[in-house]
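Student: Hints in hand, dock the two standalone chains.
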Amino acid sequence: MRFMVMVRANRDSESGAMPSAQRLAEMGKFNEELVKAGVMLAAAGLRASSMGARVRFSGSKRTVIDGPFAETKELIAGFWLWQVRSLDEAIEWVKRCPNPFDGESEIEIRQVFETEDFG
Amino acid sequence: MMSADIQRNIDAVWRIESPRLIAVLTRMLRDVGVAEELTQDVLVTALEHWPRSGVPDNPGAWLMTAAKRRAIDYLRRQKLLERKHAQLGYELESGQEQPAADIEAGMDDEIGDDLLRLMFVACHPVLSTDARVALTLRLLGGLTTGEIARAYLQPEPTIAQRIVRAKRTLADKKVAFEVPRAAELSERLGSVLEVIYLVFNEGYTATTGDDWMRPDLCGEALRLGRVLAGLMPREAEVHGLVALMEIQASRERTRVDAEGRPVLLLEQNRAQWDRLLIRRGLDALERAAKAGPAGPYTLQAMIAACHAQALTVQATDWVRIAQLYETLAQMTPSPVVELNRAVAISRAFGAQSGLDLVDALAAEPALDNYHLLPSVRGDLLSKLGRVDEAREEFQRAAALAGNARERQLLLQRAADCGRKAASS
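Residue numbers (my numbering), protein chains in the order written: chain A, 1 to 119; chain B, 1 to 424.
One chain only, chain B, in its complex shape (with noise of 0.2 Å):
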């Protein structure tokens, strides 16, 4: 009797225990598209067996024995058994006498390692940014290829042709399954962070259209970011970036109104924000503090904690932000840093001094066709009166947005200062 509630429990047992699977028979076969193939055959042999004689009692234990033994096959078929045999051969024995409970818990640290090793390989930088976030989902998130290719609005053939391009790619370079080194460490943890934090960034940008059909990868990435966090506690800036996502996550609600148009955040209602999830990040915050010295991700965590904990707009230390952003913009130059840094200058110190500020900007190459530029500019020209000038803006602000309904937004803005050059 397959019954769909057993179908149900079996894609929930998958969800949870396939990167663990995954990450194990990695190591065991240092290729991880081969890892994944004897994973999901694991899976078609539970699909078989568990409708009839019923899901077991520790169905992780179960998968990741199939799954051993698989592996176990296949080494034996590939002839390099003589090489591993005493050693795994020895654990799986060894662990079947062991009641189920007691082998996970021996395990535990050793499959929390393959797992951090894992992240590291699906974020390698010999493979393409797209190519480590499908990758990340896909072993990491559990997440199916047509799951994917949904959330990124492509199409299924192009997502699994991505993976296992990319799979193929990692086995010919012959990547090592392991967790980079101390001199390689913080450009690799690098990668793995920005796969995360460009998971959660997708999630939170792409407010329309058929959302609901969408998995949540938003959540998926403060997931990722929190089983991180737990792999790897020392390492200031993961704290730091789990610390971003759960403040900009709390913020969710609010970000768009009824009609799915977006708002400000000095527009939003502060009363609305996730007060559970702001909790979380600034206990991130100290945590990441503890660590380590702030990198770029806990500073824009504390950026975002300024404003976490402002219960009013008119509460916000601005020039504690100016301040975060000018340090930020020492350890990462970008105009884009730079234009947020004249945003704070301009609330903190009037709307001249940051207007002067995007002005010294305005020259750079790199925000030509960046609408945040031109947006910040007719706001500041706005507050200072010059409101034919601020239409002008706003209306080039609106020709590069690529957000239909931010578009909007700043055609409207565009029109009040129309009404307002008008009726002065």
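Isolated chain A (complex conformation) (with noise of 0.2 Å):
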């Protein structure tokens, strides 16, 4: 099964400052390990919600909405799509995961639907 795998945004991702050379040494390491067991299908990290933009829907209507975001807390930082054989495998590999920014982080762990979920 795939679980999309996604780090919260803080004030730091949303402000565009890259990461630490040592940051970025610590999570290409851990993406290696993800590589060598075969989990990792997909990665990338996201720019700051200023440098995107928002649809919103209403009825027929569509209006854009230019970043940045307020609600810094809900935005997406970077993501990455695992192939794992269970929600526990995939909490296990992020507890390996080093902490995405200093102090406090989350990352959202979500199963992808699959063909048979449709069935």
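If you are wondering where the hints come from, they were derived from the structure by calculation, not from laboratory data. These figures come from a predicted structure and were not determined experimentally. Glycine is no exception: its CB is placed at the ideal position from the N, C-alpha and C atoms. Mixed in with the good hints there might be a few duds.
Cβ-to-Cβ under 7 Å is the rule here; a few derived chain B residues that face chain A [what the hints assert, rightly or not]:
{"no.": "1", "residue": "Arg223"}
{"no.": "2", "residue": "Gly230"}
{"no.": "3", "residue": "Met232"}
{"no.": "4", "residue": "Arg234"}
Computed cross-link-like contacts, SDA-like style, restricted to lysine to any residue with a CA-CA straight-line distance of at most 25 Å [as the list claims (entries may be wrong)]:
{"no.": "5", "chain 1": "A", "residue 1": "Lys29", "chain 2": "B", "residue 2": "Trp62"}
{"no.": "6", "chain 1": "B", "residue 1": "Lys290", "chain 2": "A", "residue 2": "Met40"}
{"no.": "7", "chain 1": "A", "residue 1": "Lys73", "chain 2": "A", "residue 2": "Ser20"}
Tutor: Structure representation (structure tokens):
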């Protein structure tokens, strides 16, 4: 089964500051572990929401809202797509991830719908 | 407090760590059976301790240290310690003084080598193919005997027996725990790749029944393939096999319709093919091309890539596919490959050209009971308007087909031909 594993944004990631060399190295090593274990399908870091936009739907109307967005904790700063055998395995891998930011951070794990879910 | 949470956490840790533990212990003990037993003992210890003490911060390192300790105890009991003491004792003690992360970093390559050796042992030619598959899933997939049994619709004792016997054979034949050297490597690697692809195909073709209860064999095979590609990045065929599996898996959701009937490649909804897996497959193909000349898996992956890259059936480059099949046929002569080549030729140069090739294959005894021969022949005949002959071929194909869903499809096509014949 597949999981999307999302790093929640915080003030640092929203400020547009690049992570330190050390953090990049730690993340690089973790990513390497994921590849070696055959877990990693895809990964990407996201630019600050100030570089993005939203489209709000209301009935047939569409309104474009430019970033940045206020509710920082609800934003995503990066994600992986993993193939593992259970939610618990995904949780175990996330526990092995270096803290993405200084201090508090949060990583959210969500299961991806598979073909059989629609069967 | 043995909460369900901790139990599930331990299971997950186990899945991730057990192949590494077994691999390292097999190197220490030179006996895969004992290595697996001791690894199981460590699991039992973890199940006893962790609910009370909490799961350690670095469970992998904890398990590895505990496993090595067991191995050393075992060696001591076996009085083999004199020979191995210096080396192993040093490794364990010096390891304990370092922070856990350093141990992992230092040993990572070594563990990789051990995992690779374990793959070659599990897929050793002294074992039957069935035994290789079961042992690989058990040792490298971390699947339980029960899970393997369910996946292969076999009684659990049968699989348990198979694994026990396989381990005994490896011990009796004194199979070395090593990656084979140059001369032997290509044949032995062939066996490893074959086992992985067998697992993949078991998951890929078995689409009926209690699927939801079965561990995802395609996913497991892909995982093993990706791990192997990381361990042997210079072997073109490893990347070729990974590419083949990624691209085939990209079609998984379009291979059966809502009623569970198989949908042929050319009738699948290409918009629903998994672009991520196609991308990964094409990347793997690129790595294969950089690593060396194309072998049979790479060629099959290249053929799969031709389909994957054609946004519509009409856009398919059949001439190239026919060429690739020809190269494949030269490398691994097989009537099945010839049959596929005939299909490609018929698409590229017309049904009659394909039919000529298929007719030449009809005398091939290897294809006597192969339902796809009459099925392809029926298809070509119907394209040429020879519907009566086509109907007979589809009926013959249906009688030979092992899969009930496929049989239905063939009977349907026979009936369609019958209708056309009647209305003409």
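Student: Straight-line Cα separation of B:Lys290 and A:Met40 no greater than 25 Å?
Tutor: 22 Å, holds
Student: Please verify whether A:Lys29 and B:Trp62 have alpha carbons no more than 25 Å apart.
Tutor: 20 Å, holds
Student: Let me know if the C-beta of B:Arg223 comes in closer than 7 Å to any C-beta of chain A, holds or violated.
Tutor: The hint holds - B:Arg223 has a Cβ within 7 Å of chain A, the shortest such distance being about 4 Å.
Student: Just to be careful: measuring from the Cβ of B:Arg234 to every Cβ in chain A, is the smallest value less than 7 Å?
Tutor: At about 16 Å, which exceeds the 7 Å cut-off, the nearest Cβ of chain A leaves the hint on B:Arg234 violated.
Student: Taking the least C-beta to C-beta distance, is B:Gly230 closer than 7 Å to chain A?
Tutor: Holds. Min distance 5 Å.
Student: Does B:Met232 meet its interface restraint, that is, does its C-beta lie within less than 7 Å of any C-beta in chain A?
Tutor: Check failed: Cβ of B:Met232 comes no nearer than 12 Å to chain A, outside 7 Å.
Student: Between A:Lys73 and A:Ser20, is the straight-line Cα distance small enough, at 25 Å or below?
Tutor: Holds - the C-alpha atoms of A:Ser20 and A:Lys73 are around 21 Å apart, at most 25 Å.
Hints 3, 4 from the list above are not met by this structure, while the remaining hints are.
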